[in-house]
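Chemist: So you can see what is in the structure, the chains are spelled out below.
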Amino acid sequence: MKLAGLKSIENAHDESVWAATWVPATEARSALLLTGSLDETVKIWKPDDLILQRTNSGHCLGVVSVAAHPSGHFAASASLDSFVRVFDVDTNNTIATLEAPPSEVWQMRFDPKGTILAVAGGGSASVKLWDTATWNLVATLSIPRPEAPKPSDKNSSKKFVLSVAWSPDGKRLACGSMDGTISVFDVGRGKFLHHLEGHFMPVRTLAYSPTDPRLLFSASDDAHVYMYDAEGKTLIGAMSGHASWVLSLDVSPDGAAIATGSSDRTVRLWDIGMRAAVQTMSNHTDQVWGVAFGPAGGPGRLASVSDDKGISLYDYS
Amino acid sequence: MASVYIPVQNSEEEVRVALDQLPKDASDILDILKAEQAPLDLWLIIAREYFKQGKLEQFRQILEEGSSPEIDEYYADVRYERIAILNALGAYYSYLGKIETKQREKEEHFILATQYYNKASRIDMHEPSTWVGKGQLLLAKGEVEQASAAFKIVLDGDRDNVPALLGQACVEFNRVRYSDSLELYKRVLKVYPNCPAAVRLGIGLCRYKLGQFEKARQAFQRVLQLDPENVEALVAQAIMDLNTHEATGIRKGMEKMQKAFEIYPYCAMALNYLANHFFFTGQHFVVEQLTETALAVSNHGPTKSHSYYNLARSYHSKGDYEKAGLYYMASVKEVNKPNEFVFPYYGLGQVQLKLGDFKSALANFEKVLEVNPDNSETLKVLGHIYVQLGQTEKAQEFMRKATKIDPRDAQAFLDLGELLISSDPVAALESLKTARTLLKKGGQETPIEVLNNLGVLHFERGEFEVGAVSQEYFGSLYAVVLAQQTFREALGDGIWLAFIDGKENPPPVDASASNLQYKDLHLFQHLEKEGRVVDLPWNKVTTLFNMARLLEQLHNTETASILYRLILFKYPDYIDAYLRLAAIAKARNNLQLSIELVNDAMKVNQKCPKALSMLGDLELKNDDWVKAKETLRAASEATEGKDSYDTLSLGNWNYFAAVRNEKRNPKLEATHLEKAKELYTKVLAQHSANLYAANGAGVVFAEKGHFDVSKDIFTQVQEAASGSIFVQMPDVWINLAHVYFAQGNFALAVKMYQNCLRKFFYNTDSQILLYLARTNYEAEQWQDCKKTLLRAIHLAPSNYALRFDAGVVMQKFSALTLQKEKRTADEVRLTVSELGNAVRVFKQLSASAASNLHFYGFDEKKIDTHVEYCKHLLEAARVHLKNAEHEEQKNRHKQEALRQMALAEEARRKAEEQRKFQLERRVREDELKQVRQQEEHFERIKEQWKSSTSGSKRRDRSEIDDEEGGNSEKRRRKGGKRRKKDKHSRSRYEAEDVEAEMMDDQEELEDENAKMNYGEPAAQINDQDDYAAEENARDPLAAAGLEDSGAEDEVAPESAANRRSRAWSESDDDEQLDRQPEPGEIRENYADMPGSDRVKLDEEGAINDDD
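The listed protein sequences correspond, in order, to chains E and Y.
Per the working numbering, residue 1133 is the first one in the first sequence, and the count goes up by one each step.
Per the working numbering, residue 4 is the first one in the second sequence, and the count goes up by one each step.
Treat the hints with caution; some may be incorrect.
Here are the simulated DSS-like cross-link-like pairs (lysine-lysine), alpha carbons at most 30 Å apart as the crow flies [as the list claims (entries may be wrong)]:
| no. | chain 1 | residue 1 | chain 2 | residue 2 |
| --- | --- | --- | --- | --- |
| 1 | Y | Lys-762 | E | Lys-1139 |
| 2 | E | Lys-1365 | Y | Lys-506 |
| 3 | Y | Lys-340 | Y | Lys-212 |
| 4 | E | Lys-1134 | Y | Lys-340 |
Keep in mind the hints are simulated off the structure, nothing from the lab.
Can you build the whole structure from these sequences, using the hints too?
Modeler: Shown next, in the form of structure tokens:
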């Protein structure tokens, strides 16, 4: 497996780029890249030359997360002011504006079928589930407090939910928090199942393997990537190599590789079989906040976005 | 067989005495001699015969009888024979004295000899043989000059007296005047060609000493021909053979030596050489036997020295250093000048070195070096001794010389490399590399330690270059790769390779157990169960540890941890491995595991200062103040206060204790600060170059408000830190930035913070971002401040204090904008949106305050006040906005009206022009008509005209225009193009078109305005331009805000303003609250860098609140 640089744009945004996702292809057009930035805009890019299709404004404070519906028709973007804006990708019409105070909004993910949008709720220690047909809040998956909670407040503030991930069959949802624990939920029954321990620093990104519904990857500030059997509660492997926080992570559509972005300014490609980094890209000059593999079916693509305001696109083969 | 005949007294008969059948008892013969009154010469012959047969007792008996007083009386007139007998006795005792080794007996013999000679002299003063005998005696006693005088007396009488000549030759030989000696021997040979072999031996020795080896050899050969059993000649020849340093020569030499030994087992020289030989063949017992004999038979200084040396060497090689030392000493004592025989000095030096007496060893080796200034072995040894004596520079000097003298001596390069490691890593690396190449060339295996050191050097060079310019980055990468390779080479094959190459991965573990993964050794037990060999030779442990350190540095923490665990699996007492694992766990915030690991280390060594320091550090991180202090104290005691790290840690403890409390107790603060300063100063007194202590002292000064002093200190520390390759000290950057900030030099402070963030923290430290935001705030760069805070929130999402601060910034910005005299509608619009954001932020905080925010010390009421105030501002802003928009609308209407008027005017003007033009054209058309009515041949002239002037062309076109209306559109477009190219030369012809286009333009402009106002995304570019304009407009306004700030209170409700400022300052406290529980800034990497510590200056202390 190999990454080859295709295109890089400097100053793609006016400020740090914090989020990226791919919008799957529709009948009318091919897949698009969606990026969100501290400059309060969401931009839509057409690969492979990264031609700017549109700039969506309307967010206040920085855009921290973007998510695209599997149909490719609409997407969601969220900013530090805790609003989620759902919009039509092609027309930019606002479909819905979501908020669930006092819960903030961090990472968002649509479930694989596209019926639910899961939103990491920060300090509310919960994940909010929104119905994508009615845009009503349908469930709140809360992380149970530790069995013997200490009276100290320090502990309770630790379960701050940063990241979410759906299993490929849509039955499980995992969320990562500031204290490094990962919580796994049974979505159908709306029930908390168990914690996955191992990290002791914030888990900023989680991703299930698209080919193995038990295999979960986590990226943490402790510079490690962990590979869990999320059902069996076992830590299968730990991968180290980044020099600083691992901020972002994505699994390739074929399930054979993962890509990670780190504040050490590099993007790494890991062979899951070997559990080792096979390539390190260092074309960014600042923290890499987002990595995203192109959707299945299309050509192998990986995009990375960074605090250096730039976007890079690679060929993955 | 010869026989003597003793004449029988008073008869013609004689008694025949067969010389080979002399009776055992000399008394029988003596009786005959006395009875028959035999002539004295017969006595002498018989005595000599006894002597020849080795029957010394009988010899002595006869001669003593022959020199008795009765004989003197009886043979009073036989002078010569009497003298001869006395001289024989004298010579005999001289010989006894010469070979006697015991001093007392020796002297007794000499005295006896002297007596006999003196007696002989009394008979005849001038008898040359007596003088010769005396000379020999003196020679034997070592009184060379007196001997020479004796011989001279003889020679003066008879210059060809052979014995005297020989004696004199011997004297000259002893005087080291070999050529004189040779001359004398030669004369002997001329005078007495049939002289005994010994004369030729003398010649041989002289020639040998004169370096004429071939002639010497011939002489010895001749001696042996004459006397095949001449030991001296044999030995001499053997030595010459040995000195050829060739195998055959040595063999021949040894054969001769052996022969000599068989002939005469007491020749010290032969014994020494034989001993030497057996030393090299390793037969120590024989060596000792031989040398002891040699010592017994010889009193010749150099020979004895040689014997002692052999003996010492034998003991030395057997490892009996005490004895060896004694014998070397004895050997040295026999040597007058070191340049005669230098080996015992070397041996003595070696033994003294071995026994740890460096000073004496040094003296001895220096003597050796005096004799052999280019002996690389001696140079190396001296180098070693200087290392032991701590004089590294001298040591390096000697080693360098050794490597220069023998550039193929791998050992010398190795030693030099090792010497240089601490002082000059680059040179050390070079030296070790050379050594390795040499060893490889020689087919030798490089020792594991050397590879280890090489690896470490590569590694350190890598570290040094990392963080430098990117160009060097690759160099460092290369160095790291080299280090890795070298370590691998050193480690060789083993179970570790499977881990390093990632072929072997730890088995899956239960996620909840994974918390303790760094303590897990099951992995190896598991492997052993599988039948794999989990082995780790002791000499590879260090290299494996270094390999793990390298992997750790390369961020391959997992593999590193496995290697550390492998070490612990085999060597559970390896403290450093525990501590590294603890450090990894700590870096990953797994404090519990880290503490457990440190405790494991402490189980090995209760008082390990490193472990204690680390534990103290961990306890600080865990907010366990009292415990931490105790642990650090214990650590400090464990090192007896010598390790500055612990003193520093205690200093830090005091510092943090001073600034910890929200409600400060000024008294307590002062004592803690004083204590901190005292501790820092203590460290500085011990190690004046301790950056960390200097930094700490700077902090204390800053706390006390002495910014100038602290700035100086920080600047110096920073310079020193950036000059050193192994020191990473972000804190001093931060502190320096704090000082700049406190002194109001915001631009520099910002730069400093940013550099620090980038250089040391990969931009991940939200705390420094907060400092940066604070600086922006003070510099009134509101948007920068807001952006910085947003970044900080993004990095530390659960830090709500940052959100609060962001709200405050937006509020402040809005309030200031609204106070301004002049402001555009866009500004006000921005203010409104910022206020909206502020309200939202505060509301959110207020909503979640109840659940989980008390930790940050938020007061719901306070937040509500902010909400209220912002809402109030928002309302005011909305009014302002309305006004502004109204104003803007009015302006726009006004402008529109003006524009319309202008347009109308323009239109009127144009219409006028048009009218004039029409008129003109009509006139021209008339003219044209007239022209056309003229002759056909005018046509051609007209063509020429057309091409020569543009004016005619134009005219021509217009003419066609008129005639062929169908083509007009096309041409009109053409004209339009020309207009763009050259607007000024627009002709009146096209005025109409232009006007129309101008109208178009204006419409477009209007469109743009419209789009801009309604935020239509299609007009993005214009939008952006607009933002930029706004930005520009804001700057001077922000600057103006500085002067306006005083007016703030008048406009805003006073109570609100006060509350606000209080809120800000309290939010500072909040920041601190979360800042202070983590004073664990003490460098985690301390395993390789004790004595390091960091302190951050708390910004609050450095800033006098401007409110």
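Chemist: Which numbered hints are broken by the structure, listed smallest first?
Modeler: The structure breaks only hint 4.
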